[in-house]
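Going by my numbering, the sequence shown opens with residue 1, and the numbers climb by one from there.
Simulated from the structure, these hints should not be mistaken for laboratory data. Take the hints with a grain of salt, since some may be wrong.
Simulated restraints on C-beta separations [stated by the list, open to error]:
1. 301 / 168: 45 to 55 Å
2. 267 / 297: 44 to 54 Å
3. 61 / 87: 33 to 43 Å
4. 47 / 229: 40 to 50 Å
5. 231 / 429: 14 to 24 Å
Positions of the beta carbon are idealized from the N, C-alpha and C atoms, including for glycine.
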Amino acid sequence: MSAEAASVIAMQQSQSSSLRADFSWMFVGNAVYAGCQFAVLMLLAKLLRPELVGEYALGLAIVYPVIALMSFQLRAVLASDIYRQTYFGHYLSLRLLTTALALMIVFAITRVLGYRLELTAVVVMVGVSQAIETVSDIYYARLQLCDNMLGISKSLIARAVLSVIGLTIGIYIGRNLLWGIAGIIVARAAVLFGYDIRERTHGLNRQPNELRHETLRPLFSLKAQRELLSFSFPLGILTLFVTLNSSIPSYFIKHALGERSLGIFSAIGFVVSVGSLAAVSLGQSAFTRLARAYAAENIGEFWSLMGILLALGAAVGICGMIVSKIAGHEILRILFRPEYAEQADLLPWIMAAGGMGYMAQFLGIGMTAARNYKPQIALLVAVSVSLTVASYLLVGRQGLLGAIFAMSIGSFVQAAGGAVILFPGLRRRSGVCAKRVGTAETSA
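Work the whole structure out from these sequences, hints included.
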C-alpha cells in the first residue's frame, strides 16, 4: 500500500469521529459487558450449587491467563499498523493458530492436574467460550484501526446480553453448568458469525479501492506468521507480567492476613474497577489516534493526546479520592455488608493508587502505540520486583493499608519508567522530523 494512499486513509479516519464520541461508545459497550459479566456470576450463584460456581471460577482462572498470553496482544499490533504493512488475513490466521494452541494447553493442564471428566469438560468449554471472544477481538482491532468504535460497542453489547440469555436458557433446559456454558458459546458464536465477520460491519464498500477488496478471512503464510509472531512476542511477555503484577499483593495478603482480609481487599478494590472501566474505554478510543500521529511523525498531536490522557487519569483518581472521603462508608455499606464499610478509611488510599495506575496504564498505551515493545519488558520486571519487595515489607506491618501502599509504589515505578522510556523517544523523533524538514527546505 502506498504512503499516499495511507495518508488519505488517515485523513478520512481522523475526520470520521471525535475522541469524545468514541469514548462514549466504548464506555457504554464496556459498561454493559462488565454488567452482564456480573449478571452471569449472579445467575450462576442463584441457579446452581456453590460447588458448580466454583468450577466455573476455576475454569476462568485456568483459561484466562493462557488465552491472554497466547493472544500476544495482536489487537494492539494490528490497531497500530497504520500503513497496513500486513494483511488482516495474516493477523486472523495467527490468532486462530495461537488460540487453538491455547485450548490444547488448557486441556493438557486439566490432564496434568488429574481433574475428573466432568470438571475437565467445564474447563475446556470455558476455554471455547473465551476462544470465541479472542477471535472477535481481532476483528475489533480492524474496526478500531478504522475508528469504528460504534461497531465494537454494538458487538460488545450484543455479545454480553445474548450470553446472559444463552446461559439462562441453557441452565433452564439442561439443569446443569455445562448446558449453561453451551448457551454462552452459542450466543458468542452467533455474534461472531452474524456480525463481527460481516463485510457490512467493516464498511468495506465505503473504503478506498485498495482496501475495498481486502479479505476478512484467514490468509496462511508461514513467512508472514513468523514475522508477526516475532514482532508481537514481547507483548505476550508483557501480558504475562501484567497478570502477575495484579496478583502479587493478594498473595501476600492471603499469607500474612488470611482469606477474610483478602476478601475485604478484593471487594474494596472492585470500586477501583469503575475508574478502570473509564480508563480502558478512553485508552481504546485514543490508541489508534496515537499510533496514527506517531506514524505520521505528528509528534505535537501525540504529545497533546498523551497530555489529555494523563490529566484525565489523574483527575479520575483525585475525584475518586474526594468521593471516597465523603461517601466511602455509605458506598461500601450499600454495595457489600457492614463489615466492609468498617474499612472505608482504605478507600481514598486505594483510589489514589488507582489514579497512579491509570496514568501508568496510559503511558503503556503510548509506548505500545509507538510500537516500543521490548523496553516495556524490563520496566514490568522492575515493577514486579518493587511490588514484591514493597508487599513483603509493608503487608505484614501495616495490613491492608500496607498492601495499598505497595500497589502505589508499583504504579509509581511503572509510571516513572514509562515516562523515562516514552518521552525521550518522542523528543528524539521530533528532532529527526525537524531536521528532515530543514534539509528538505534547504534543498528546495
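Evaluation of the provided hints:
1. 301 / 168: 45 to 55 Å: 47 Å, holds
2. 267 / 297: 44 to 54 Å: 47 Å, holds
3. 61 / 87: 33 to 43 Å: 35 Å, holds
4. 47 / 229: 40 to 50 Å: With Cβ atoms ~42 Å apart, the hint holds.
5. 231 / 429: 14 to 24 Å: Given about 19 Å between the Cβ atoms, the range holds.
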